[in-house]
Amino acid sequence: MDQDFTIIKYLPEETPPKGLKKKILNKIIIRKLRPLIYSVTVALILNFGFLLNHIYRRLLETEGLTIIKIMIQDFELSFDYLANISAGLKEIMPMFSLSLLAVNLILIILVAGLFKRYSAELLKS
Amino acid sequence: MENTLNPEILRAAQKGELKAFDAIVSSYQTAIYNHLYRLTHDKDDAADLAQETFLKLYKTRERIRAEENFRSYLYKIATNTAYDWLKKKKRQPEDLIIDAEDGNFETIEAQQSYYKVERLELVGLEMAMVKIKPAYQNLLILYYQQGFTYDEISDITGQPLNTVKVGLYRAKKELLKNIE
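Going down the list, the sequences are from chains A and B. Per our numbering, the very first residue in the first sequence carries number 78; after that it's consecutive. Per our numbering, the very first residue in the second sequence carries number -7; after that it's consecutive.
I should point out that these hints are in silico values taken from the structure, not numbers from a laboratory. Mixed in with the good hints there might be a few duds.
What the hints assert, rightly or not - Straight line, CA to CA, 30 Å or less: simulated BS3-like cross-link-like pairs of lysine-lysine: (1) Lys123/B x Lys201/A; (2) Lys86/A x Lys7/B; (3) Lys81/B x Lys201/A; (4) Lys7/B x Lys123/B; (5) Lys81/B x Lys68/B; (6) Lys11/B x Lys79/B; (7) Lys95/A x Lys125/B.
It should be emphasised that the depicted structure is a prediction, and the values quoted were computed from it without experimental measurement.
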């Protein structure tokens, strides 16, 4: 009589939701790349700190902070004034380092998003 | 039941090769998803747990043995993942236990005829299955639908062989009660 239960074999199967395989493989890929993602994150944070320090020291050297303070105090909403300010800032600010800092910041935000989305794969052992 | 996957794929999976995992997920995602759906009764939860199951498989890939029963190993991970989830949800933890205190059970042959099951339509069976304990459902599905042996189920559920046999007997009894 035991075999009567074999009807269970024919219970309808549910189809997995679309994209399940992709989600699973994405998680596995993220897990596989975990050491690389950790290394890149550490490098980005160190680079961010280094760039910030570099820009701050450059501003101290050129008395840029004092100049920026004066610019803010005398602020006017006119085209000539804004043109002068941007020209002045270009001279005192390390523009290349600032661009690198912006790129670095964008990358840190992207990595933070990756950590948030795949926290289970990246943060749990 | 034998592994349906080529041993080469399992060896590649052990090394962490993505192509091998692609093949494994393709072969087993439907079965594992259904197994988890039967335990959770929720499609979203089953999908989440399926993802967790395959991720755990990747994390423990060194333990994959091409010559051993990979299917049992994967089901074991899925079952444990579902049980952990059910415990976290505090969903009737007693439902996860196979009652087998005395270890005695009557043989099926000695019992009443199971003609009711024979006559039952699949929809009715599905409804009756939902009413029984997840641990019992699990046993019935593993044995009758997935074709695992008692030994394999014992390995998958982590229960002694006799407990599995007793559990399966009680699962059938419970199922019949719900059909009535």
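Here's how the hints hold up against the structure:
| no. | hint | verdict |
| --- | --- | --- |
| 1 | Lys123/B x Lys201/A | 35 Å, violated |
| 2 | Lys86/A x Lys7/B | 34 Å, violated |
| 3 | Lys81/B x Lys201/A | 20 Å, holds |
| 4 | Lys7/B x Lys123/B | 42 Å, violated |
| 5 | Lys81/B x Lys68/B | 20 Å, holds |
| 6 | Lys11/B x Lys79/B | 34 Å, violated |
| 7 | Lys95/A x Lys125/B | 29 Å, holds |
When held up to the earlier numbered hints, the structure conflicts with 1, 2, 4 and 6 and fits the remainder.
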